[in-house]
Amino acid sequence: MSLFFKSPLDIEVLLDGEESRKHVEVPNNTASDTKALRDRLPLYEDGESISGIVTLRVKEGKRVEHLGVKVSVIGSIDMIRTHGNGNGGSSKRLTNSSSGLSDARKNSVEQFLCFSYDLCPAGELQHSQSYNFMFKDLAKRHESYRGKNVDVSYYVKVTVIRKAADITKLKKFWVYLYNNVSLPPTSVVNQRQIENGEENGLVRNEPKPVKLDIGIENCLHIEFEYSKSQYSLKEVIVGRIYFLLTRLKIKHMELSLIARESSGLQPSNYLIDSTVIRYEIMDGSPVKGDTIPIRLFLGGYELTPDMSCNYFNIKNYLSLVIIDEDGRRYFKQSEIVLYRSR
Amino acid sequence: MSYSETLEQALIVVRQQAVLMQRCIQQRKLMDALKHASMMLTELRKPDLSPKQYYELYIMIFDSLSLLSSYLTDNHPKLHHLADLYELVQYAGNVVPRLYLMITVGTSYLKCADSPREEILKDMIEMCRGVQNPMRGLFLRYYLSQRTKQLLPENAIEFNANFVITNFIEMNKLWVRLQHQGPLREREQRTKERKELQILIGSQLVRLSQIVDDNLVIYRDNILPVILEQVVQCRDVVSQEYLLDIVCQVFPDEFHLSTLDSLLESTLHMHPDVSINKNVLTLIDRLNGYIDRKEQEQETAQVDSDLFKVFWNYLKTLNEERPDLSLQQFVPLIESIMALSLRWYPDNLSNLNALYGFTAQKCKDYGKAIPQSAEYLFVNLLILQNFEYVKRSAALFYNIISQCESFRELLSLQNVPLQKSIINTILDTLLSTSTENGDVLVIDSKTNLENLLSVMEPLIRFRVTATTRRPSNSALGLSDDPTEDEEGNGSWVLDPSQEKLAKFCHLAVRSLPKESKQYRNVENQVEYLLLLKNWYYKGGKNIKYTYPAIITNFWKLIRKSHLLKSRQKLTKETENNYSNMIKQLFKYASRCINDLFNVCGSSVIDTVYKLNIQSASLADQLSLGEIAYDFFSQAFTVFEESLSDLNTQFQALVYMMQSLQKTRSLYQENYYDSLIVRCTLHGSRLLRKQDQCRAVYLCSHLWWATEIAVIGEEEGTTTDFYREGKRVLECLQRSLRVADSTMDNIQSCQLMIEILNRCLYYFIHGDEHDTHVSVKYINGLIELIKTNLKSLKLEEQVSEQQQSATRLQDLHIDDQDTTELPSRKKFVMGLDGTYIEIPRTNGTPASISNKLNSVYINEMIHIPLEHFDRTCEYIVNQREIDDRFKVIVV
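Taken in order, these protein sequences are the chains called A and B.
Per the UniProt record's numbering: the first sequence = residues 1 to 342.
Per the UniProt record's numbering: the second sequence = residues 1 to 890.
Any given hint could turn out to be false.
Cross-link-like lysine to aspartate or glutamate pairs, in silico, DMTMM-like; alpha carbons within 20 angstroms at most [to be verified]: (1) A:288 / B:84; (2) B:662 / B:714; (3) B:78 / B:126; (4) A:249 / B:405; (5) A:70 / A:12; (6) A:62 / A:166; (7) A:157 / A:45; (8) A:251 / B:48; (9) A:249 / B:186; (10) B:446 / B:405; (11) B:583 / B:630; (12) A:251 / B:5; (13) B:35 / B:114; (14) B:364 / B:321; (15) B:29 / B:114; (16) A:288 / B:126; (17) A:234 / B:87; (18) A:234 / B:84; (19) B:538 / B:527; (20) B:122 / A:166.
Note that these hints are calculated values from the structure, not bench results.
Build the full structure now, drawing on both the sequences and the hints.
Here you go:
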């Protein structure tokens, strides 16, 4: 509508210290995949107050009547589709067509955060007017996320209520949740370990390496080993692959990190895998007894930590892919937990 | 990122990206520079390149990365920190470019003083495992090695050595793996490619030797065992052969000397197809080179252990553990060890004996006949021809043959032609070096001579199978030996090897050790000679080549004994000894001649005849009339019984005559008389009249002895010449009768003129009443000749040219060309009645024929005419100095 009717009022939201605040660049889903288009959003964390100034600018020589001005901070989970097509089982992968969809296609399924208060009572605006606002120690349950089917977005919303259509302005911001303690799957493990042993601190400090035996009978037998199952986003995955038997003519071997976004309501949810990292770790075909080192720095990639809520969850998988000379691919996925740390 | 389709494109991309990278470096845009570097490196991912093509790419990239590296080091703490960059480049998605970048950054960091060197090096080499493709991996690791060359930490030999060894082991694994890539039918191609790449692996060992420097302990305890283990374990032929070779080449000699056992031990565990001998040869070359270098530095090579023993034990072990090894593999190995022994222990021939014995045993074990392709191996062993530092002197072979019993054994296991050729070579050496000054071969005992001869036995017995066999005519052949035809009647195809044996005979008699007592010396020589004779006798018909040499040596000894005997101050006893010795020697010579006759029969008649006469002459010269008579009678026997060829008969008689004429010791017992009468008789019984005539007038000289100045005779002083003028005249008359009765007019005239010449000889040399050849007789003879010549002239024909010339003149045609007559051919007659054409130009040989075509009748007529003219001219000329000639009417 705003395309057709020029709004009589400009709303500007300026957050306190926005210039100096750390920003996060987020790919803009609305545009097609060109990397150049990215949103730069100010970054907040859990419990941080959010304050700023709202300026209402009236077009010269105009007056705007309103029924009050309201400011609110909103956190919502948006989705394109909430249900599967029903044919083909409970879990569905969305086809690629969904990736180009705009934010507008995503509908809010839950507003998990909504605080608002009036900035001024009803009246008439003749001059530009500014108002301070402040939401103190705002708790933020989820981390911002922009995915294929799901978004978690935060914004400050200013609404000028009118008899006719309201005038609103959104100011988006981005939220990171730092987490030093790991998320549910590991906490279970930790608890168990606490029950079993006394030196729980030691367990936490020195996580056990993960060892996977992978094989195709009489054809390939490898040991896939990496240092631990949980990584902070800045950490390095270190490991090795030990070839016990290989009759394949391997062309190369890759390690990839796959983020799996699972959304919708159980049991019919959408699974969308996106390969976040593709990292060649071996060229050529090894022989029995060879060990291939793995070292993958995570810090340089844009990764999503694991998340989980009623409507969706994000999981990360480490995937080992072997491609043989005939182009056949052999892979093994193994879940790892990524968390954000300071 | 993907690489280019073709090599050309790849090269273009590399060039472009290199330029872009350099530009970014200049503008200090590091991130962009790294991006271009990474794009450039992507081309190194390209598969399906040959080693050469890949190297082309590699070398271009290497140079560009050097620029990047120095930029990184130069700006290290100011613009960036290399530790950060080391992490940064690891985000590269593809493993090959990532590792090249890591190594480039890592090694740049190594250049900085504050870097954690060992950690970086360890990390780089560990991460290189990510490239398992053989070619890309090899080049990557080569890059690592090249980049770290100057940057390994100082004073950390063990760490550095481990670093290089690790890299070496991985490279070798990749290299071996290359063999098994791709389809089976391209195996050959793979092997070729691998050989092209071998230098990359070899360079690691070179690096290692630079690091180890002269630290033997580390080499022996830490490095070599690891290398050898790797070499053995890779079980790859190409790799094992190459690496062992390189190990032998790059490390110092002293190292090899103290690690010989482990080096040799490792070869026992090689792949069966590895030619161990090549490696051992390299090793031995090194050891031999070591002694050379030490000698050049005027030091002595010191070795704790007996090298030969080490290798000898190794050889035995190898023989036990690897019975599968072929002769082709074993023999070169033995040869190398022989080379070692000859170089290090040149005087210890028992080593060689052991090796020869070992080889002989190998041959026997082989069971079958040795294949032709392997023969040369044994030749090498036996004639030591591949050892450049060994002077193949006569003494060396002599020592080997006399001290190494197994030499003969091994030689005897070879096939006959091969044995023959080997012995030939040895004989050549024996014969050639003995002529040099100062290098005198001494055969110090009879046993050793026997050893030499037994080695030569195959050659002594060797038969030349005549390639063109004449149909044998047993009617003509005097021998009843059925094998006679094998060699053909008197086929004198000269076999060079028999000639060498004959030469050796002379050498052997010369080469015996000198005794202080001369008599003993001669005795020894006789013994040697008899030994040679007995051995050569085994050669059957070959003795016709060798026996003359032996007989000649007997003659020599006879003369020598005679000389020694005639020295003064000899005791009676020694003098007697010498006399007996001489008699005995004549008997030996006679035995030889008889053997020669009995074995070879008619084919050597001529030789036997002459040898007898020569022996006779020798005996005569020593005043041993009895012996001389015996030899002469032998010669007559041979003549009477066996000489059947017309020409030879005449020649033989002439030979006999001239020998007899010079004898002086036969006058007692009428030996001389009976011999010359017999000789004349044989002359008069020759078949052809012209031969009879000539033989008889030559025999006239037997009754007219002339002076021999060497024994002190002098015409006019010596009074007891054997001269009987009457007999002389009788001979001349008889021959004249024969000449007169010859039907061939020309021959007849010629013979008469020859008799006239004989008469003139006696006319000059004796008084008329001594010689009974009177002026009257001579004048009568001249008359007779003149008459005969006149009638001979009538036979002359007017030549066609003359006829035609006259005709042309008659026709008044003046033809320039025909007026000059072609000069006639010119002939003379030889003393045996042959026609000799006098060549027109100097230098061309005269052609000789027994008969002339009657076309040349005119020319033939001219022979006696001209001869007579010359004789007359002589007579006229003689008148000036001798008045007696004036009474001869010409």
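Each hint, compared with the structure:
For a cut-off of 20 angstroms, the pair hint linking residue 288 of chain A to residue 84 of chain B is broken: about 35 angstroms separates their Cα positions. Of the pairs offered as hints, the one joining residue 662 of chain B and residue 714 of chain B holds, with about 14 angstroms between alpha carbons and a cut-off of 20 angstroms not exceeded. Distance hint between residue 78 of chain B and residue 126 of chain B is unfulfilled; the C-alpha atoms sit about 29 angstroms from each other, more than 20 angstroms. Proposed proximity of residue 249 of chain A and residue 405 of chain B is contradicted: the alpha carbons are some 60 angstroms apart, above 20 angstroms.
About 13 angstroms separates the Cα atoms of residue 70 of chain A and residue 12 of chain A, which keeps this hinted pair within 20 angstroms; it holds. Taking the CA atoms of residue 62 of chain A and residue 166 of chain A, the gap is near 17 angstroms; set against the 20 angstroms cutoff, the hint holds. This hinted pair checks out: residue 157 of chain A and residue 45 of chain A have alpha carbons roughly 18 angstroms apart, not beyond 20 angstroms. Annotation: proposed proximity of residue 251 of chain A to residue 48 of chain B holds, straight-line Cα distance about 13 angstroms (limit 20 angstroms).
As the CA atoms of residue 249 of chain A and residue 186 of chain B are separated by approximately 17 angstroms, the hinted pair is consistent with the 20 angstroms bound. The straight-line distance between the Cα atoms of residue 446 of chain B and residue 405 of chain B is roughly 16 angstroms, inside the 20 angstroms bound, and the hint therefore holds. Restraint check: the Cα-Cα separation between residue 583 of chain B and residue 630 of chain B comes to about 12 angstroms, which is no more than 20 angstroms; the hinted pair holds. Between residue 251 of chain A and residue 5 of chain B, the direct Cα distance comes to roughly 18 angstroms. Compliance with the 20 angstroms bound is thereby established for this hinted pair.
Taking the CA atoms of residue 35 of chain B and residue 114 of chain B, the gap is near 27 angstroms; set against the 20 angstroms cutoff, the hint is violated. Between residue 364 of chain B and residue 321 of chain B the alpha-carbon distance is near 18 angstroms, which keeps this suggested pair within the 20 angstroms criterion. A hinted pair counts as satisfied when its Cα atoms are at most 20 angstroms apart, and residue 29 of chain B with residue 114 of chain B does not qualify at roughly 24 angstroms. Among the hinted pairs, residue 288 of chain A with residue 126 of chain B is consistent with the structure: their alpha-carbon atoms are about 17 angstroms apart, no more than 20 angstroms.
This hinted pair checks out: residue 234 of chain A and residue 87 of chain B have alpha carbons roughly 12 angstroms apart, not beyond 20 angstroms. For the given pair, residue 234 of chain A sits about 14 angstroms from residue 84 of chain B by alpha-carbon distance, which is consistent with the 20 angstroms threshold. For the hint pairing residue 538 of chain B with residue 527 of chain B, the CA-to-CA distance comes to about 17 angstroms; that is within 20 angstroms, so the pair holds. A threshold of 20 angstroms between alpha carbons decides the hint, and for residue 122 of chain B with residue 166 of chain A the separation of about 67 angstroms lies outside it, so the pair is violated.
Hint violations for this structure: numbers 1, 3, 4, 13, 15 and 20, all remaining hints satisfied.
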